[in-house]
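There are 2 protein chains.
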Amino acid sequence: MIRTLILLLLAAPLAALAQEDVAAQIIALERAALDRWNQADPQGYLDLYAPDMTYFDPSLDARLDGIEAMQRYYAPLFGAKYPFTQPRYEMLNPSVQHHGEVAILTFNLINYGTFEGQGEAVIARWNSTEVYRLVEGRWMICHSHWSYIKSEVPEGMSL
Amino acid sequence: MIRTLILLLLAAPLAALAQEDVAAQIIALERAALDRWNQADPQGYLDLYAPDMTYFDPSLDARLDGIEAMQRYYAPLFGAKYPFTQPRYEMLNPSVQHHGEVAILTFNLINYGTFEGQGEAVIARWNSTEVYRLVEGRWMICHSHWSYIKSEVPEGMSL
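Just so you know, the sequences run in chain order Z and R.
The numbering used here puts the first sequence at residues 8 to 166.
The numbering used here puts the second sequence at residues 8 to 166.
No lab work stands behind these hints, which were simulated from the structure alone.
All of these numbers come straight from a predicted model, not from anything done at the bench.
Here are the simulated SDA-like pairs of lysine to any residue, each with C-alpha atoms no more than 20 Å apart in a straight line: (1) Z:157 with R:155; (2) R:157 with Z:84; (3) Z:157 with R:65; (4) Z:157 with R:76; (5) Z:157 with R:72; (6) R:88 with R:122; (7) Z:157 with R:157; (8) Z:88 with Z:44; (9) Z:157 with R:131; (10) R:157 with Z:130; (11) R:157 with Z:81; (12) Z:157 with R:84; (13) R:157 with Z:68; (14) R:157 with R:101; (15) Z:157 with R:64; (16) R:157 with Z:64; (17) R:157 with Z:66; (18) Z:157 with R:67; (19) Z:157 with R:80; (20) Z:157 with Z:116; (21) Z:157 with R:71; (22) R:157 with Z:72; (23) R:157 with Z:155; (24) R:157 with Z:153; (25) R:157 with Z:71.
Could you build the full structure based on these sequences and the hints that come with them?
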C-alpha cells in the first residue's frame with residue numbers, strides 16, 4: 008500500500024524529468040553539430056542524419072531526400088573558406104516537442120562572424136526545424152527545414 | 008499452424024497498407040485546409056492545429072507558439088481580398104514519414120492566381136513542412152514551417 012503510494016508520487020515527477028532529459032539531449036546533439044558546422048565540418052550533421060532524411064533550405068529548388076543526397080550536397084562544404092573569422096551563433100528560444108519516438112526541435116539561429124577591419128556582423132538569421140526520431144535507440148534527424156527569418160519573395164515572383 | 012502462417016503472410020502487406028493509409032489521410036487533411044485557405048478561410052488550418060502548435064513563416068520575426076497565437080495571427084486573413092482570381096495550387100512530391108504517433112508531411116507548393124488582363128501567374132513557391140501528431144485519435148498539426156523556395160537573404164544582411 009505504502010509502496011504503491013510512493014510509486015504514484017514518483018511517477019509524475021519522473022515523467023516530467025524524462026521529458027526534460029530528452030529536450031536537453033536533443034539540444035546538446037544539435038549544438039554539437041552546429042559547433043562542427045562552424046568549423047567547416049558538416050560531418051557532425053551527416054552523422055546525425057537518418058537514412059530516410061528529408062531536407063529543405065533556401066538555396067534548393069526542391070526537397071532533398073535521403074542520406075546519400077545529403078552527403079553529395081555537403082561534400083563541397085568540408086573545409087570551406089569563410090570570408091570571416093571567429094564564427095559563433097546564438098540558438099534562441101529552443102523548443103522540444105516530444106511525442107513517442109519523435110522529438111521536434113525548433114529554434115531561431117543567429118550566425119555571426121568577424122570581418123577584417125569591420126568587426127563582428129550578423130551573417131544570417133534562421134528559422135530552424137529539426138525533427139529527430141529514435142533509430143535503434145539513438146536520436147537521429149529525419150527531417151530538417153532551414154529558412155531565413157523575414158526572407159523576401161524571390162525576384163520575379165509577383166504579388 | 009496454417010492459421011499462424013496465414014497471419015504471418017498477412018502481417019507485412021497489412022503494415023504497408025496501414026502506412027499508405029496514414030499518408031493518404033494526412034495528404035487529404037492538408038489539401039482540405041489548403042482548399043479553404045485559397046477561399047480566404049484560415050479556419051481549415053486552425054481546426055487542424057494542436058494546442059501545442061509551433062509555427063514559422065517568412066514574414067515573422069520569430070517562432071509563434073500555441074493555438075491562441077495562431078488564431079490572433081490568422082484573424083485578419085478571414086475574407087481577405089486577393090489581387091487575383093481563380094486561386095489554385097499544385098502540391099508537388101508530397102512525402103509522409105510516419106513514426107508512431109507522429110507523421111511528417113513535406114511538399115513543395117506552387118500557388119497560382121489569375122490577374123486581370125495578364126492571365127495566370129505564379130504567386131509563390133513554397134517549401135512546406137507539416138508535422139502531424141495523434142491527439143486523442145485525431146491527426147492534428149503540431150508544427151508548421153513555410154518558406155519560399157530559393158528565397159534571397161533579406162536586405163541588409165551581409166555575405
